[in-house]
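Assembling the complex is the task here: the two chains are given apart, and the hints tell you how they should meet.
Chains as they are written, first to last, in the numbering used here: chain Y, 3 to 390; chain W, 18 to 309.
None of these hints come from the bench; they were simulated from the model. For each residue, glycine too, the CB sits at the ideal point set by N, CA and C. Incorrect hints may have been included.
Claimed, not checked - Calculated cross-link-like contacts (lysine to any residue; reagent style SDA-like; alpha-carbon spacing at most 25 Å):
| # | chain 1 | residue 1 | chain 2 | residue 2 |
| --- | --- | --- | --- | --- |
| 1 | W | Lys-185 | Y | Gly-151 |
| 2 | Y | Lys-258 | W | Ala-292 |
| 3 | W | Lys-245 | W | Leu-158 |
| 4 | W | Lys-185 | Y | Gln-241 |
Unchecked claim - The following residues of chain Y were derived to be distant from chain W, with all beta-carbon distances above 12 Å:
| # | residue |
| --- | --- |
| 5 | Gln-55 |
| 6 | Ile-126 |
| 7 | Ala-357 |
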Amino acid sequence: MSVDAATAERRQRWRERIEESILPPLVALAIAAVVGDVLIITFGQAPGEVYRQLLEGTWGNAYGFGQVIYKATTLTFTGLAVALGIRAGLFNIGAESQLAAGGFAAAVIGLALPAGTPGLLAAIICIVAAGAGGGVVGSVPGVLRARFGASEVIVTIMLNFIVLALLNYVVAAHLAVAETLHTSEIPAGRLARLADMSPMFAGSAANMTVLLALLTAGIVWWYLFRTRGGYELRAVGLQPDAAEYGGVRVGSVWAKTMMLSGALAGLGGVNYVLGYKHYYEEGFGAGSGFLGIAVALVGRNHPVGVVIAALLFATLSQGGLAVNALVPKQMVDVLTAIVIIAVATAVPEVRRALAASRRRREPGTGNREPVIVSPGPSSQFPVPTSQQ
Amino acid sequence: MIGFLVQTLRIAVPYLFAAAGGIVSERAGIIALTLEGFMLTGAFCAVLGSFYSGSPWVGIIAGVGGGLLAALLHALATIRYRADQVVVGIAMNLLAVGVTRFFLRLAFDSSSNSPRVPGFGGAEVASGGVLATLANPLVWLGILTMAAVGWLLYRTPFGLRVRAAGEKPEAALSVGVPVRRVRWAAVALSGICASLAGVYLALDQHQFTDGMTAGRGFIALAAVIFGKWDPTRVTIACLLFAAAETMQIRLQALQLVPSQFVEMIPYVLTIVALAGVVGRAVPPAALGKATD
Numbered sequence: 003m004s005v006d007a008a009t010a011e012r013r014q015r016w017r018e019r020i021e022e023s024i025l026p027p028l029v030a031l032a033i034a035a036v037v038g039d040v041l042i043i044t045f046g047q048a049p050g051e052v053y054r055q056l057l058e059g060t061w062g063n064a065y066g067f068g069q070v071i072y073k074a075t076t077l078t079f080t081g082l083a084v085a086l087g088i089r090a091g092l093f094n095i096g097a098e099s100q101l102a103a104g105g106f107a108a109a110v111i112g113l114a115l116p117a118g119t120p121g122l123l124a125a126i127i128c129i130v131a132a133g134a135g136g137g138v139v140g141s142v143p144g145v146l147r148a149r150f151g152a153s154e155v156i157v158t159i160m161l162n163f164i165v166l167a168l169l170n171y172v173v174a175a176h177l178a179v180a181e182t183l184h185t186s187e188i189p190a191g192r193l194a195r196l197a198d199m200s201p202m203f204a205g206s207a208a209n210m211t212v213l214l215a216l217l218t219a220g221i222v223w224w225y226l227f228r229t230r231g232g233y234e235l236r237a238v239g240l241q242p243d244a245a246e247y248g249g250v251r252v253g254s255v256w257a258k259t260m261m262l263s264g265a266l267a268g269l270g271g272v273n274y275v276l277g278y279k280h281y282y283e284e285g286f287g288a289g290s291g292f293l294g295i296a297v298a299l300v301g302r303n304h305p306v307g308v309v310i311a312a313l314l315f316a317t318l319s320q321g322g323l324a325v326n327a328l329v330p331k332q333m334v335d336v337l338t339a340i341v342i343i344a345v346a347t348a349v350p351e352v353r354r355a356l357a358a359s360r361r362r363r364e365p366g367t368g369n370r371e372p373v374i375v376s377p378g379p380s381s382q383f384p385v386p387t388s389q390q
Numbered sequence: 018m019i020g021f022l023v024q025t026l027r028i029a030v031p032y033l034f035a036a037a038g039g040i041v042s043e044r045a046g047i048i049a050l051t052l053e054g055f056m057l058t059g060a061f062c063a064v065l066g067s068f069y070s071g072s073p074w075v076g077i078i079a080g081v082g083g084g085l086l087a088a089l090l091h092a093l094a095t096i097r098y099r100a101d102q103v104v105v106g107i108a109m110n111l112l113a114v115g116v117t118r119f120f121l122r123l124a125f126d127s128s129s130n131s132p133r134v135p136g137f138g139g140a141e142v143a144s145g146g147v148l149a150t151l152a153n154p155l156v157w158l159g160i161l162t163m164a165a166v167g168w169l170l171y172r173t174p175f176g177l178r179v180r181a182a183g184e185k186p187e188a189a190l191s192v193g194v195p196v197r198r199v200r201w202a203a204v205a206l207s208g209i210c211a212s213l214a215g216v217y218l219a220l221d222q223h224q225f226t227d228g229m230t231a232g233r234g235f236i237a238l239a240a241v242i243f244g245k246w247d248p249t250r251v252t253i254a255c256l257l258f259a260a261a262e263t264m265q266i267r268l269q270a271l272q273l274v275p276s277q278f279v280e281m282i283p284y285v286l287t288i289v290a291l292a293g294v295v296g297r298a299v300p301p302a303a304l305g306k307a308t309d
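Just chain W, with the same shape it has in the complex (with noise of 0.2 Å):
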C-alpha cells in the first residue's frame, strides 16, 4: 500500500509541478499548450547544467533557465507581438523537440540518449525505494510548487491581477492593472514551474532520452481542465492520474486491461469534463485573447 503510494507520488509530481505552471498561465489569459515543449527544455538543460558541472543542483538551475528562457520566448510572441497563442504554441513544442534533438548531437554525439549525469535518488528509486523517492527534494518541491500557486492565485496582490488579466482584461486595464506586464510574468512562471517538471524526469533517470516527456505536459493541461483551473482540484486530478497509471503498471502482468486503454483515462476525461455531462469546464473568459 505503502509503496502504491509512493509510486503514485513519483508518476504525480511532473503532473503537478507542469500544472502548476499550466494554471498560473491559464488564470492570466495565454493557452499553456507549450507545457510540453517547456517540460523538454527543462530536461535537457538539467542534464547539460548536471553533466558539465557534476551538481544536480546546478542542474536544476540550468534546467529552469532554460525553461525560462523559452517561456519568454513565448511571451514575446504572443504578447508583445499579438502572435496567435495557438499557432506559436504548437511551434514552442516543436522548437523544443528540434532544438533539444540538436544539441543531443551536439553536446553527447548521440541521436537517442546523454551519458549518466548526477541526479536525485539511485537505482532502487527505478524499482519503486520508498526512501529514495522520499528523499528526492523535487518530490517536496512539487508538492510546495502547486500549494504556493493556490496561495498566490487567491491571497495576493498578484494573483487578484493574474485572474482580472484572464477573466476582464479590459476592466483590468481601466482600474490600472498592466495586463501585458502580468501576463508576461505569468508566462514565466509557467516556463519555470513547467521546466521543474521536465528537471526532475531528467534528474530522477539520471540522463536525457529523446522526447523523454511523452505528452506529460498534455496531461499535465488535461489535469488544468479536468480540474478546472483550481489548485486544489487540479492536485486531486493530477494524482487520479497518476493512480491510474500506477495500477496499469502494477497490473501489467495480470494483462487485465491493455496499456493504450490506461493511457487514455487523462484524454476521455478532459472531452467529458469540456462537453459538461457533469459539471461543465468553464475556461477563463479571456484565454487566449490578446490585449494591447
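Extracted from the complex, chain Y is given alone in its bound form (with noise of 0.2 Å):
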C-alpha cells in the first residue's frame, strides 16, 4: 500500500471516528431544543427569550461564568468516575455517595488536623481524605463483583441509600452545629476563590478545584491510554473472557476500577468542603453523582470529553436557575433527562447507519466494524454484563 493510500486511510478513519462521536449528542441537544420548546410555549413564554436569557445568565456575566466553573467543577470529578468505570466494564451509579463520602471524609479530617497545621500540607492531607472516603465506598461494589459476580449496579445504588443514611446518622448525632445539618467550619487547608484573584468570577463559588479536576482528567487519560493498567483496564472493558485468556487478572482489576472511580467521585467533595463552604453538609452533592452519568455518556467516556460535557450540563443546571422567573427551573432537569436518552439511544442508531453507508461506500472492505446488532462488548458501554 502506498504512503498516500495508508494516509488517506488513517484521515478516512479519524474522520469515521468524529462522525460517530459528535453526531449522537447533536441529534441528542436538537431534540432537547424540541422538548424545551414545547414545555416553554406550554408555560406560555417565548423559547428565543428563555433561551437568550438562559446564555447570558451563565456565559454573559462574571457571577453566572464562575458559578459554570463551579458546578462543572463538581461534574468533571463524578463524570470522570463513571467514564473509568465504563471503560473497565462497569457501572458505577453509586458516584452521589461516594462524592458524598469524599466530602465527609475531607470535613472529618480537616477538623482533626491541629491548629497551626501549615495550610498547604491541610488541604494536601484533606484532599487525600476526600479521595480515599470515595474510594472506601467505591472499593465495596469492586469487591462485591469480583469475588461474588453481585452486579455493580445494584450494589452501587444500594450503597448510596446505605452511605447517605449512615452519614446523616453521624452528622446529625454527633457532628452538626446545633440548628443545622452541618459541620462546623474547618480550620486550615481551604482552598483561594477565583473570585478573589480576578474579576472574571466575581461574586461566584468557584475556586481552585477547578485546577485540581484538569490535572486530574490529564493524569485519567494518561492512565488510562498510556499504561500497563490503563491498558489492561481497557481490555478488560471490551473482552473480559479474552483479557482473562491474555493473562489479565479480571477480578483484581475490577475491584481496582471501582476503587479508583469511587476516588475520583470522592475527590469532588473538595470543590464544596474545601473550596466552597468549609464544612460538610447533608445532601451537598444535590445531584451531581447521578449526573455524571450524563457527563460520562455525553463526553464517550474520554476525559476530554468529560470535561466538554460537565461545562455543558454545568451551563444547563445554571441556566436552570437564569430562567427560574420565565419558566420553572425543573425545565432542564427534563431536558438533561431527555438528552441522556437521546444520547443512549442514538449512539448505537448512528454507529449502525456509518457503518451501512461504510458498507455501500467501498463493498468489501466495508466489514471493518461488524454492524453491532446488540450492546455487546463493542458497544458503547461495555457493559453486557448488567445483571444482577
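Here it is as C-alpha cells:
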C-alpha cells in the first residue's frame, strides 16, 4: 500500500471516529431543544427569550460564568468516575454517595488536624482524605463483583441509600452545629476562590479545585491510554474473557477500577468542602453524582469529552436558575433526562447507520467493523454484564 | 396487634404493586430501575385526574395512563432502539422528577405540593384507622396484583414466554416466540403495576407532594432481588420490609435504634443476598441484554 493510500485511510478513520462521537450529542441536543420549546410554550413564554436569558445568565456575566465553572468542577470528577468504570465494563451508579463520603472525609480530617497546620499541607491531607473516603465506598461494589459476581449496578444503588443514611446519622447525632445539618468549619486547608484573584468570576463559588479537576482529567487520560494498568482496564472492558485468556486478572482489575472510580467521585467533595463552604453538609452533592452518568455518556467516556460535557451540563443547571423567573427551573431536569435518553438511543443507531453507509461506499472492505445488533462488548457501554 | 398488622399492610401495598411490576419486567429481561419513576408519574397523574374530575376512580385511570406512557417510552428506547437499559432507566427516573415538578408548577403553581384532592379513606387513615384501610379498594388490588402476577408467570402461555425472553431469548426466538413483543408487553405491564403504587400513595394522602415516592421504588426493587424474582418470596420480602418500618414508627418514641439504621435494612439485605452469604440470588440469565 502506498503512503498516500495509508494517509487517506487514516484520515477516513479519523473522520468516521469524529462523526461517531459528535453526531449523537448533536442529535440529542436538537431533540432536547424541541422538547424545551414545547415546555416553554406550554408555560406561555417565548423560547427565544428564555434561551437568550439562559445564555446571558451563565456565560454572559461574571457570577454566572463562575458558577458554571464551579458546577462543572464537581461534574468533571463524577463524570470521570463514571467514565473510568465504563471503560472497564463497570457501571458505577454510586458516585452520589462516594462524592458525599469524600466530602465527609475531607471535613472530618480537616476538623481533626491540629491548629496551626500549614495551609498547603492541610489542603493536601484533606484532598487525600476525600479520595480515600470515596475509594472506600467504591471498593465495596468492586470487591463484591470480583469475589461473588454481584452486579455493581444494584450494589452501588443500594450503597447510595446506605452510605447517605449512615452519614446523615453520624452528622446529625455527633457532628452537626446545633440547629443545622452541617459540621463546623475546618480551620485550615481552605482553597482560594477564583473571585479573589480575578473579577472574571466575581461573587461566584468557583475555586482552585477547578485546577485539580483538570489535572485529574489529564492523569486519568494518561492512565487509561499510556499505562499498562489502563490498557488492562480497557481490555477487560472490551472483552473480559479475552483479557482473562491474555493473562489479565479480571477480578482484581474490577476491584481496583471501582476503588479508583470511587476515589475520583470522592475528590469532587473537595470542591464544596475545601473550596466553597468549608464544612460538610447533608445533601451537598445535590444530584451531581447522578449527573456524572450523563456527563460520562455525552463525553463518550473520554477525559476530554468529560470536561466538555461537564461544562455543558453545568451550563444547563445554572441556566435553569437564570430562567426560573420565566419558566420553572425544573425544565432543565427534563432536558437533561431527554439528552441522556436521546444520546443512549442515538449512539447505537448512528453507529449502525455509519457502518451501513461505509459498506455502501466501499463494498468488500466494509466489514472492518461489524454492525452491532446487540450492545455486546463493543457497544458504547461495554456492560453486557449489567446483570444483577 | 391488629393495628400493627394493618399498618404493615398499609406500608406494604406500594411495595407489592411496584415489586409485582418489577418481577414481570426483570423476568422478561428488562432491568427494573425505573419503578421509582413510574410510581412518581402515576402518583402525579392520579392527583391530576382526581383534581379535575373530582373522582378518585378517574384518578386511578389517569395515574395508570401516565405510568403506561412512561413505560412505553422506556420500552421504545431500550427494546426498539436497544439503548442501554441502565442508562435509560436512570434517565427515566430523572425525567419523572423533572416532569412532575414542572407540571406541579404549571397546574397548581406550587413547588412543593398539590391541593387536597378526592381520594380513598379519610384523615383517620393517618392515625392508623383499621376500617379505613380495609375499605380502600387499592389495598385489596395490591394483594390481588401480586397473586395475579404469580399466576400469569407460572400458569399461562404468556408467562412462559416472558420467562423464556428473560432466560434464553435466542432459544425463544428460534421456536417462534416474538421476544421483542413479549418484552414490550412486560414493560407495559410493569408500568401499570408500578404506577398503581404511586396512585395508592397519592390517593391515600389525598395530594401529591414533590418526590413523594421517596425511594420506595428502589425498596421494591430490593424486595424483587431479595425475593429472588419469585412472587411468593417477593411478597414475603415486601411484608418484611414494611414490618420493619412499622416497628420503627411504633418504637420511635423509645429511641431504641436510630431511624437511619432501620431505613438501611432492605438495602443491606439486598447486598447480602447478592453476595450470596445465604442462598445466592441469581438473576434471569438475559437480564439487561437487548435482542433483535
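Checked hints:
{"no.": "1", "hint": "Lys-185(W) to Gly-151(Y)", "in the structure": "holds, 20 Å"}
{"no.": "2", "hint": "Lys-258(Y) to Ala-292(W)", "in the structure": "holds, 18 Å"}
{"no.": "3", "hint": "Lys-245(W) to Leu-158(W)", "in the structure": "holds, 23 Å"}
{"no.": "4", "hint": "Lys-185(W) to Gln-241(Y)", "in the structure": "holds, 21 Å"}
{"no.": "5", "hint": "Gln-55", "in the structure": "holds, 17 Å"}
{"no.": "6", "hint": "Ile-126", "in the structure": "holds, 32 Å"}
{"no.": "7", "hint": "Ala-357", "in the structure": "holds, 14 Å"}
When the structure is compared with the earlier hints, no violation turns up for any of them.
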